[in-house]
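Each protein sequence line maps, in turn, to chains Y and Z.
With the numbering used here, the residue at position 112 of the first sequence is 112, and numbering never jumps.
With the numbering used here, the residue at position 157 of the second sequence is 157, and numbering never jumps.
Since the hints were made in silico from the structure, they are not lab data.
Please read all numbers here as calculations on a predicted model, not as lab measurements.
C-beta atoms are modelled at their ideal positions from N, C-alpha and C, and glycine is treated no differently.
Treat the hints with care, as some may be off.
Derived Cβ-Cβ restraints for the label pairs, each shown as a range [stated by the list, open to error]: (1) Y:Ala62 with Z:Gly25: 46 to 54 Å; (2) Y:Lys191 with Z:Leu39: 28 to 36 Å; (3) Y:Gly178 with Z:Arg147: 52 to 60 Å; (4) Z:Gly25 with Y:Thr195: 24 to 32 Å; (5) Y:Pro116 with Z:Gly25: 15 to 23 Å; (6) Y:Thr66 with Z:Arg24: 40 to 48 Å; (7) Y:Ala62 with Z:Arg52: 40 to 48 Å; (8) Y:Thr66 with Z:Asp251: 53 to 61 Å; (9) Y:Leu73 with Z:Glu114: 32 to 40 Å; (10) Y:Thr66 with Z:Gln191: 44 to 52 Å; (11) Z:Ser94 with Y:Gly40: 17 to 25 Å; (12) Y:Gly40 with Z:Ser157: 37 to 45 Å; (13) Z:His197 with Y:Glu201: 55 to 63 Å.
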Amino acid sequence: MSPRLDTPATPSSPSSPFAQVRRFSRAERWVHRSTAALMGVCVLTAACLYIPQLAELVGRRALVVTLHEWSGLLLPLPVLAGLASRAFRADLTHLNRWGPHDRVWLRKAVRRVPGPRPAAKFNAGQKLYAAWITGATLVMLGTGLMMWFTHLTPLMWRTSATFVHDWLALTIGIVLAGHIGMALGDPEARKGLRTGSVSREWAEREHSLWRP
Amino acid sequence: MTTEQPHEEQPDGEQPHGEQPDERGAPVGRRVVLGTLGLGALGLVAAPALQRGLESFLGGAAGKDPTGLTGLLPNGGGFRYYSVTSSVSRKDASNYRLTIDGLVDRPMSYTLDELTALPQTRMVRDVQCVTGWRVPDTPFEGVRLSRLLDAAGVRPSAGAIRFTCFDGAYTESLTLDQARRADVLVALRMQDKDLSHSHGGPVRLYVAPMYFYKSAKWLSGITVTEKVRPGYWEDRGYDVDAWVGRSNGRDDEPTA
Numbered sequence: 001m002s003p004r005l006d007t008p009a010t011p012s013s014p015s016s017p018f019a020q021v022r023r024f025s026r027a028e029r030w031v032h033r034s035t036a037a038l039m040g041v042c043v044l045t046a047a048c049l050y051i052p053q054l055a056e057l058v059g060r061r062a063l064v065v066t067l068h069e070w071s072g073l074l075l076p077l078p079v080l081a082g083l084a085s086r087a088f089r090a091d092l093t094h095l096n097r098w099g100p101h102d103r104v105w106l107r108k109a110v111r112r113v114p115g116p117r118p119a120a121k122f123n124a125g126q127k128l129y130a131a132w133i134t135g136a137t138l139v140m141l142g143t144g145l146m147m148w149f150t151h152l153t154p155l156m157w158r159t160s161a162t163f164v165h166d167w168l169a170l171t172i173g174i175v176l177a178g179h180i181g182m183a184l185g186d187p188e189a190r191k192g193l194r195t196g197s198v199s200r201e202w203a204e205r206e207h208s209l210w211r212p
Numbered sequence: 001m002t003t004e005q006p007h008e009e010q011p012d013g014e015q016p017h018g019e020q021p022d023e024r025g026a027p028v029g030r031r032v033v034l035g036t037l038g039l040g041a042l043g044l045v046a047a048p049a050l051q052r053g054l055e056s057f058l059g060g061a062a063g064k065d066p067t068g069l070t071g072l073l074p075n076g077g078g079f080r081y082y083s084v085t086s087s088v089s090r091k092d093a094s095n096y097r098l099t100i101d102g103l104v105d106r107p108m109s110y111t112l113d114e115l116t117a118l119p120q121t122r123m124v125r126d127v128q129c130v131t132g133w134r135v136p137d138t139p140f141e142g143v144r145l146s147r148l149l150d151a152a153g154v155r156p157s158a159g160a161i162r163f164t165c166f167d168g169a170y171t172e173s174l175t176l177d178q179a180r181r182a183d184v185l186v187a188l189r190m191q192d193k194d195l196s197h198s199h200g201g202p203v204r205l206y207v208a209p210m211y212f213y214k215s216a217k218w219l220s221g222i223t224v225t226e227k228v229r230p231g232y233w234e235d236r237g238y239d240v241d242a243w244v245g246r247s248n249g250r251d252d253e254p255t256a
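Assemble the whole structure, with the sequences as input and the hints as a guide.
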């Protein structure tokens, strides 16, 4: 699955600033898009259930609850469906495995050292985010199901599930805002997820160890 | 475990230039996923203790917080606004009516002024919501429901009450015995102020010993019936007999 029709100049002029390199397949882009849409519905409905001003504005509590429950339940589906794609599975491997350069990247990022930081296809920040949001989503799913199907778990668990669900929701909201903020600050990264290709110049600058 | 992929060989296909720098190396991603799951499980176990600590800390902080931002935190204290409809019309002394009908000898219709003129009862209890939040020592003031029922003359065949609201959707229910309790009010005031619209004003039900969904906001109708007809949330799974601490799978401290 590698139709490189929109990569006009890769082999002949690798140094041309207009050269494009392939970053994400169509399947991967759809996994990201549908996950983002479901997460968006989840977060917006959560806000309408939770923030008094929005709750007062929107009302319709039973409908908002239903939307929230179903978007949350469906949230893992795009990733599970994506496992059918070889490119997506390969990227999961890239996200999972950490090399020495990732520690360098993290150290420089934490200490705000200026200058380039070494990264392969994904930098250490992206790897950390991907893994954390996966775990957090599963915890939200588990605690959400405990609150939804209240008769399936022991009674005391439900209050605890509400507690974890509430505080983790707040944390996810903050981290997600960071994720979106980073994307807003990097148009070329966004283009990668929109069209599947990025400029060679960007790839060499941001992901120096990546060999596309 | 979605980021967890076996360390599989990829001899062909997507990697024409051979090995990538991050195909080997420690599976830190998988560890972070598992670690997050572990922390979530730990949070579940530690929740009761953590919650008590945070409630007392945030409850204290909320009192000194002029921005009101602590109210947005979980367990930050204060009331939360829940409505089951998109918008609720506003009513005041000029157009509010409370009707009492069903199995009664004398169906009644009260204006707000007529309700205000009746003897008022003031109670100070905690408010406990079934979703977890609790507001301590909240004064409610109004007419005992039993007084209104006696004035209408409940027939012997009656066994329950159905409450309807002018939001057009919400309903509630009580057995006749529950409705006759001294701590069940048709409330006109809350926190020593006239009930505001967002708190269910001008008139709401107040059932002190039960979870707060029983205390229907925007009360407009009291119908005496033979049997209990479950209310709005009760049709959606909540308990009809909603005693605080003894229903809905919760063990909160009783409020009355």
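Hints, verified against the model:
no.: 1; hint: Y:Ala62 with Z:Gly25: 46 to 54 Å; result: holds, 49 Å
no.: 2; hint: Y:Lys191 with Z:Leu39: 28 to 36 Å; result: holds, 35 Å
no.: 3; hint: Y:Gly178 with Z:Arg147: 52 to 60 Å; result: holds, 57 Å
no.: 4; hint: Z:Gly25 with Y:Thr195: 24 to 32 Å; result: holds, 29 Å
no.: 5; hint: Y:Pro116 with Z:Gly25: 15 to 23 Å; result: holds, 20 Å
no.: 6; hint: Y:Thr66 with Z:Arg24: 40 to 48 Å; result: holds, 46 Å
no.: 7; hint: Y:Ala62 with Z:Arg52: 40 to 48 Å; result: violated, 31 Å
no.: 8; hint: Y:Thr66 with Z:Asp251: 53 to 61 Å; result: violated, 28 Å
no.: 9; hint: Y:Leu73 with Z:Glu114: 32 to 40 Å; result: violated, 50 Å
no.: 10; hint: Y:Thr66 with Z:Gln191: 44 to 52 Å; result: violated, 33 Å
no.: 11; hint: Z:Ser94 with Y:Gly40: 17 to 25 Å; result: violated, 44 Å
no.: 12; hint: Y:Gly40 with Z:Ser157: 37 to 45 Å; result: violated, 54 Å
no.: 13; hint: Z:His197 with Y:Glu201: 55 to 63 Å; result: holds, 59 Å
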